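Colleague: Work out the full structure: start from the sequences and follow the hints.
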Amino acid sequence: MKNNLLLLSSLFMLFCIGCDKKNKDLVLPVKPEKFPQVIRFADEIGGELEDSDEFSIDLTLVDRVDPEGEELGGKVVPLQQDVRVFFTVSDNMGIDDLASYIKAGTALYEIDACTSSEDEGIDLDFQFDPATGNGSVVFPKGVEEMELVFEVDEDYLNDAVLNEEERAIEFKLVSVDAATENVVVNTALSFTYEVLDDEGVHGAWELDLENTAQFAAFKELFGLVNEDIAALNLADVEKIEITFELEEVKVLVELKETELLDECGETEEVNKVIELELELEELSTLTSSGELEATGELELEDGSLLEYVLAGEFSILDNELKLELTNELEEESVTAELLLTR
Amino acid sequence: MFLQVLDQKLFCMKQVVILSFLLLLSSIGWAQPFNEYVLLKGVVDDAKNKSKLGGASIQIKGANNGTIADLNGAFSLYTKPGTIQLEISYLGYRDTVLELQLEAGAVRNLQIHLSSSTPELNSVVIAGYLQGQAKALNQQKNADNIRNIISSDQIGRFPDPNAAEALQRVPGVNIERDQGEGRYVLVRGLAPQFTNININGEQIPSPEADVRFVALDAIPSDQLASIEVSKTLSPDMDGDAVGGSVNLITRMAQSKLPHINGSIAGGYNAIMKQPNWQGQLQFDQRLGKKEKLGILLNGNYYLNQLGSDNWEQAPNDKELELRDYELTRTRSGLSGTIDYRFNNRHEIYFRGIYSRFTDREWRRRYVFITEDEEVEKLTKDRFESQSITAVNLGGKHRFNGFYLNYEGQYSSGIQNTPYDHEVAFIADLPSSYSVTGGKFPQLIADGYTNSSKYEFDEVAYGGSYAKDQNATVKFEIGIPYRTGASTGTLKFGAKARFKQKSYTISNDVYGADAGVPTADAFDEAPIKSEFLKGRFDMGRPINMGRFNRFFNANPGLFELDVESKSIDEALESFDAKENVVAGFLMTRHQFSKLVLTGGFRFEHTDVSYNSKDVLIDAAGDLEAIRPVSGTSSYSFLLPQVQAKYELSKYTNLRASVASSYARPNFGEIIPAQEINREDRVANLGNPSLKPTSALNLDLMLEHYFGNVGIASAGVFYKKLDDFIYRRVIFNGSYPLTGTPIIPRIDIIQAQNGNTANLVGLEFAFQRKLDFLPGYLSKLSLYTNYTYTHSKATIQSRDADETKPDATEKFRLPGQATHVGNLALAYENKKLVVRIAANFNGEYLSEVGGNSSEDLYIKSRMQLDFSGSYAVSQRFRLFAEALNLTNQPFESYFGSKSVVAQREFYRSWARFGLKFDLGFGK
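These protein sequence lines map, in sequence, to chains A and B.
The opening position of the first sequence corresponds to residue 0 in numbering that gives the first Met the number 0, with each subsequent residue numbered one higher.
The opening position of the second sequence corresponds to residue 0 in numbering that gives the first Met the number 0, with each subsequent residue numbered one higher.
Be careful, since some hints might not be right.
[Said to hold, decoys possible] DSS-like cross-link-like pairs, simulated, lysine-lysine; straight-line CA separation at most 30 Å:
{"no.": "1", "chain 1": "A", "residue 1": "K171", "chain 2": "B", "residue 2": "K452"}
{"no.": "2", "chain 1": "B", "residue 1": "K527", "chain 2": "A", "residue 2": "K23"}
{"no.": "3", "chain 1": "B", "residue 1": "K466", "chain 2": "A", "residue 2": "K30"}
{"no.": "4", "chain 1": "B", "residue 1": "K689", "chain 2": "B", "residue 2": "K466"}
{"no.": "5", "chain 1": "B", "residue 1": "K379", "chain 2": "A", "residue 2": "K23"}
{"no.": "6", "chain 1": "B", "residue 1": "K466", "chain 2": "A", "residue 2": "K33"}
{"no.": "7", "chain 1": "A", "residue 1": "K321", "chain 2": "A", "residue 2": "K249"}
{"no.": "8", "chain 1": "B", "residue 1": "K648", "chain 2": "B", "residue 2": "K592"}
{"no.": "9", "chain 1": "B", "residue 1": "K718", "chain 2": "B", "residue 2": "K689"}
{"no.": "10", "chain 1": "B", "residue 1": "K895", "chain 2": "B", "residue 2": "K438"}
{"no.": "11", "chain 1": "B", "residue 1": "K532", "chain 2": "A", "residue 2": "K23"}
{"no.": "12", "chain 1": "B", "residue 1": "K808", "chain 2": "B", "residue 2": "K857"}
{"no.": "13", "chain 1": "B", "residue 1": "K317", "chain 2": "B", "residue 2": "K438"}
{"no.": "14", "chain 1": "B", "residue 1": "K49", "chain 2": "B", "residue 2": "K395"}
{"no.": "15", "chain 1": "B", "residue 1": "K291", "chain 2": "B", "residue 2": "K494"}
{"no.": "16", "chain 1": "B", "residue 1": "K828", "chain 2": "B", "residue 2": "K49"}
{"no.": "17", "chain 1": "B", "residue 1": "K379", "chain 2": "A", "residue 2": "K33"}
{"no.": "18", "chain 1": "B", "residue 1": "K466", "chain 2": "A", "residue 2": "K23"}
{"no.": "19", "chain 1": "B", "residue 1": "K288", "chain 2": "B", "residue 2": "K40"}
{"no.": "20", "chain 1": "A", "residue 1": "K30", "chain 2": "A", "residue 2": "K74"}
{"no.": "21", "chain 1": "B", "residue 1": "K802", "chain 2": "B", "residue 2": "K790"}
{"no.": "22", "chain 1": "B", "residue 1": "K379", "chain 2": "B", "residue 2": "K317"}
{"no.": "23", "chain 1": "B", "residue 1": "K592", "chain 2": "B", "residue 2": "K79"}
{"no.": "24", "chain 1": "B", "residue 1": "K829", "chain 2": "B", "residue 2": "K777"}
{"no.": "25", "chain 1": "A", "residue 1": "K238", "chain 2": "A", "residue 2": "K249"}
{"no.": "26", "chain 1": "B", "residue 1": "K47", "chain 2": "B", "residue 2": "K913"}
{"no.": "27", "chain 1": "B", "residue 1": "K452", "chain 2": "B", "residue 2": "K317"}
{"no.": "28", "chain 1": "B", "residue 1": "K395", "chain 2": "A", "residue 2": "K23"}
{"no.": "29", "chain 1": "B", "residue 1": "K379", "chain 2": "A", "residue 2": "K30"}
{"no.": "30", "chain 1": "B", "residue 1": "K452", "chain 2": "A", "residue 2": "K23"}
[Claimed, not checked] Covered stretches of chain B (in silico footprint by chain A; criterion: 3 or more residues with CB under 8 Å from a CB of chain A, positions within the stretch not fixed):
{"no.": "31", "region": "511-524"}
{"no.": "32", "region": "548-556"}
Think of the hints as simulated: they come from the structure by calculation, not from any bench.
Computed from a predicted structure; not experimentally measured.
Every residue gets a Cβ at the ideal spot worked out from N, C-alpha and C, and that includes glycine.
Modeller: Below, the structure is given as C-alpha cells:
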C-alpha cells in the first residue's frame, strides 16, 4: 500500500509538471485598459501667411476604447486631474531671432461652440520662454483638446520678396508632470509651424468676374464635380476665390443671394457660398511657378465618396496667378486655364 | 460511368433496405418471448498471463445465439435453459467448448481461460505485443459493423505520440499535419468534418472555435486502451458521420493484482538541435474479495521542441515568404476509471479523461512584396493550449428479459490563446524571385537581412478563448427474443445532447507615427544555425520580448487602432447552443451464419446563435455593430442495415447500407464575418448552409489468419447531397451582394455543393510471415491500401448573370486517390524492429476562384523506425525515429508547377524504457 501511495504521488507530480507551461522570455505588453493616456500634437504641421499675427498648436488626447461601448471607433476619454505638459522648440529654420518674432502666448480650450476657456477667465498657466524655446502649460481635466496660441510680430517676417529658404519652427513635447494620473506624452512626434510666403502661391486669389470666358472656364472645370457650380449664372455671383493654404485648396463661390445666419445668438445676414475643399498632394512652394495636385471627394447619393483629382501647373507674374488645370472624375476630365489676382 | 450507374440504382436499393428491415421487424412480431431463460455472464482471459481477451466470440453450438466479449473480455448472453455447449474462440488461441447445465431463471457466471495456439503468445515477454494485435483483430472480426481497431499495444508498436498519428495506420485514413505532427483525420477520402470523434462512445466537443472536428494531437495516445474506427454506422450510433466514427477508449482496471506500467524517454529534434522527453505512468487494480471495485489512474507528459523551415508564395500577388518556425509543444493527460460491479447483473462506472496540449510558437519571417518594392520582417510569439475533459457516468443492468444501459456525459473542449503577439517592420527594398523547378525559389533582394533598413509598421497583441461543452444523457434497452431456431435482440433507446459553444477574442493593433527605432534595436542572434539547409539567410530576427519591453517603456509612442479592435472582436465572437434529441429502434438477428443488424435512427437538431454583424458604410468606415441572433433546425430519419455472413470460421462477408449526414461547422453557419484587410482575406459565415446528407454502401470480405493476421478487401460508395466545401473567391468584392465596399479581397465561405459521389476500394494484409524459412519466418508484414475516387458537382466558377446555372465537376476536398501503409517488422522473443512507411496521396484542400487557384496538398510519404528490446519480463528498451527521409509538406495551386508552399521538419528521435510491473508476475 505504501508503495502504491508512493507511485500515485509520483503520478500526480508527473501530471503537475505537465500542467506547467514555461513562458521563456515572455514579456506581456501593457493591457489596453491599463495603457496610459497619451497627450500628443493634434497635427504634425500648420502654417500661416507671413503677415499673420498668431499661430496655434493643438494638443489632444489619443483616442481610447469607449468605456461605455458607444463610440465604436473609440473616443477621447478626458483626464481626471490637471497635468502639466512641457514642450520645447526643437528646431528653428530661417528665423533669426525667435524672441523678436514670438511676443507672447496663451492657452485655451473650447467649452462649447461659442465659448472658450479664455472667455470664462480660466488660466491654464501657459509659460513660454522664446529665448530658450522651453514652455509648459496645464492640460486640464475634463478636456479633450486644447490650443496653444502664440502671438507673433506680424511685421517681423513680412517682406516683399519671394523667399528661397523655408521659414519654420519645430516643437516637441518633452514630458508631463502628473501626480496620480496615468498619462504620458508622445515625445517622438513634432509639430512644425511653417511661415507661408505671400509672394508665392499661398493666399487667396480672386477670379475676374468681368471676364466671361474665365467664368465659363471656371464653371466647366469645377462644374464637373459640383452641380451647383455647373448651374451658376454670372449674374448671381458676387465673388469667386481660390485660396491656397498649407495643405488645402479652397474654392469659394460667394453668391449675391443672402441668408440669415444665427451664430452664438447673433443673427447676421451673409452671402450664400458654394465651397469645395481639396487636399493638396503636391504643391511647389518658394517658387513663382510650379506644379500642383490636389484631390477632392464627391459624395454620391448612396453616401459613398468618389475621388477626383485636380492637377496642373501654376505661374505667378506680378500680381496675377495663372492656373492650367485638369480636373479628372472617373473617366471624364476637363482642362481649363484660369487667371486670378490677389 | 460507374458512379452514374450506381447513382441510378440507389433509389431502388433504398427501397430494398427498408423492405428488408420491415420484414425483419415483422418476424419479431411472431417471435417467442424469452420468459424462461438463463443469463450467462463471464470474462474471457489468457490462461497464462490473465490478460483479458476483448473481442472473443462466445457462441452456443447448434443455436443461432452468440455474443462478443467487450474490450475487457466481459460478456453477457441470454439463452434457454437446459444443456448447452458454449464455444469460445479467439484468434491465436485454441477454441474452447464448455458444456453447461442451465436452470431457468438462473444467472451463471463464468471465468473462461483460453490457451494460446501461437508459440509467441506463450512467451510472456512478447505476449503483450501480439496479444494487443490479437485483441484488436478479434474485436474487428466479431464486430457487427465494419470497423478497424487499434489496441494500445499496437499503438506502441509504431512511433505515434498522439491519436491522429496512431490513426494514420488504419486502412482508409489520411491525416492532416501541423508542423509535421498529425492533427486531423480524414476517413475514406472525406474531410475532417465528415467524421465524428468520440471518447468512450460519446462525441466530444472541439476546442477550436469554428469547427466541430477535434484536433487529435491534443490527445496523447498513452491515455488510450484502444481506438475504434467504425466505417459503417448502426442505429445505436450517432448519425452525423459520413466518413466514419472514431471512438477513443480509455483504460479500465483488469486484475486484482496491483499493476503499474509506464515509460520514460528522451529524444532529439534534428532541426532545432533540442531535446524532447516524455513519461507515462499507470496504476490499476481491482479491489475487494470479489474484485467488485476497479480503479485505474493514468498520467503522462510529453514535451517536444521542434521547428520547421518553410517557404511559400502567393503567385497572383507576386509575394514570397520565408518562414522560420520554432515550437515548444507539450501533451499531458490524466485519465481514470472507477467501476463497481454490484453482482453478476449490475454494474456502474465512472470514467474521466483530461488532456492538455500546449503550443508555444515563434514564427520569424520575411515577406517579399515585389510589386510594391517592399520587404516585411516579422516575428510572432504565440501560446495556445487546448484541453479536453470528458467524464462519463453510467450503468449496465441485466434484468429478467431485458437489459438496460444508460450513461450521462459531460465534456468540454477549451482552446485558450492568452497571447498572440506579432510585430512587423517594413523596408523599402526592391526584390524579385522565380520558382523554377518547383523546389526552391531563386531570390534577388540585396540587403534584406540588414535590420537597420526596417522601420516599424505595427504590432498586434491578440488573444482568444473558445469553449465548447456537451452535456449528454442516453439510455438503451435490449430485449432478447427468438423466432424459431434463430435468436435476436431488439434494441431501442434515446439520447439528448445539449451543446454550448462560445468564442471571444481580443485584438489590439498598435501603430506609431514616429519614435520607434529600426529593427536592429530589437534583433537577436539567429535561432537556427541554418535555414533551409543554408539556401537563405534569415539574418538577425526580431526578439519579441525585447520589443515588448520597449513598448511597455514607451507607451506614448503607440496608438491603438480602436476601430479595428471593435470590428475584429465583434466579428469573430459568438455563442451558440445546439440541442439534439435522437431515438433509435433496431434489431440484431442471427440466422445461422448470417447476422443481420438494422433499424432506424431519428435525429432532430435545434441550433440558436448570437453573434455580431458589423456594418461598414459606403465610405468604408465603421457604421455600427449590431447583435444578430438566429435559429435553424433540421431532422433526419436514417435507415441503416448491416449484414455479416460467416463464410467460414475465419472468413466474413459484410455488407451495409446506411444513411447518415454531416453537420455544418458553427463557424460556417454563424453569419459573423472576419475581414482582414491587411491580409486581404474575409471569412464569411453562411446561415443558409444545409447539413450534408449521405447514403453509404459497403461490401467487405475479410479473412483472418489463425496466427493473428488478416487479409481483407472491400468496396464502398457514398452519395452526398448538399456537400459542404470551403470556397475561396480570389480577388472578390466584399460584401458578396450589394454595393462593394472592399475590392480585391479573397473571400472564404462554406457553401453547399450539389451532389457528390465517392467510391473506394480498400485492401489490408497483416500477418506473420511464418511460412518463410529460417529467420525470415520472424518477419511480419502490415500493409493496407485505399483507393478513392470522387466527383462533386458545384456551381461553375465561371458562372455569371448570363449562365447562373452552369456547373462543373471536380473531386471532393480532402479526397486523396491513394492512401496506404507498409510496415515490415522483425520480431523474436526479445527484439522487435519495425520500419513503417505511411503514404498520403495528394488531395484538394481549398477550392479557389478558378481551377488554377485550387489549393492542393501534395502526396507525402513518411518513413518511421521503431525498435524495442525486452531486457526482462518487466523492462523493455525502445527507440523511435520519425521522418527519416525529411519529407516536406508541400502544396500547390492548380498545377504542380505552381508551388504554394514547402515546409521541412527534418527527423526526430526518442529512446527510452518501458516497464510493466504487474505484481503478480
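Colleague: Now look at each hint and say whether the structure bears it out.
Modeller: Here's how the hints hold up against the structure:
no.	hint	verdict
1	A:K171 <-> B:K452	holds, 25 Å
2	B:K527 <-> A:K23	holds, 17 Å
3	B:K466 <-> A:K30	holds, 23 Å
4	B:K689 <-> B:K466	holds, 24 Å
5	B:K379 <-> A:K23	holds, 14 Å
6	B:K466 <-> A:K33	holds, 27 Å
7	A:K321 <-> A:K249	holds, 16 Å
8	B:K648 <-> B:K592	holds, 10 Å
9	B:K718 <-> B:K689	holds, 16 Å
10	B:K895 <-> B:K438	holds, 11 Å
11	B:K532 <-> A:K23	holds, 26 Å
12	B:K808 <-> B:K857	holds, 20 Å
13	B:K317 <-> B:K438	holds, 17 Å
14	B:K49 <-> B:K395	holds, 24 Å
15	B:K291 <-> B:K494	holds, 29 Å
16	B:K828 <-> B:K49	holds, 19 Å
17	B:K379 <-> A:K33	holds, 23 Å
18	B:K466 <-> A:K23	holds, 26 Å
19	B:K288 <-> B:K40	holds, 18 Å
20	A:K30 <-> A:K74	holds, 17 Å
21	B:K802 <-> B:K790	holds, 22 Å
22	B:K379 <-> B:K317	holds, 23 Å
23	B:K592 <-> B:K79	holds, 19 Å
24	B:K829 <-> B:K777	holds, 12 Å
25	A:K238 <-> A:K249	holds, 14 Å
26	B:K47 <-> B:K913	holds, 22 Å
27	B:K452 <-> B:K317	holds, 22 Å
28	B:K395 <-> A:K23	violated, 49 Å
29	B:K379 <-> A:K30	holds, 18 Å
30	B:K452 <-> A:K23	holds, 28 Å
31	511-524	holds (count 5)
32	548-556	holds (count 6)
Comparing the model with each numbered hint stated earlier shows that hint 28 is the single one that does not hold.
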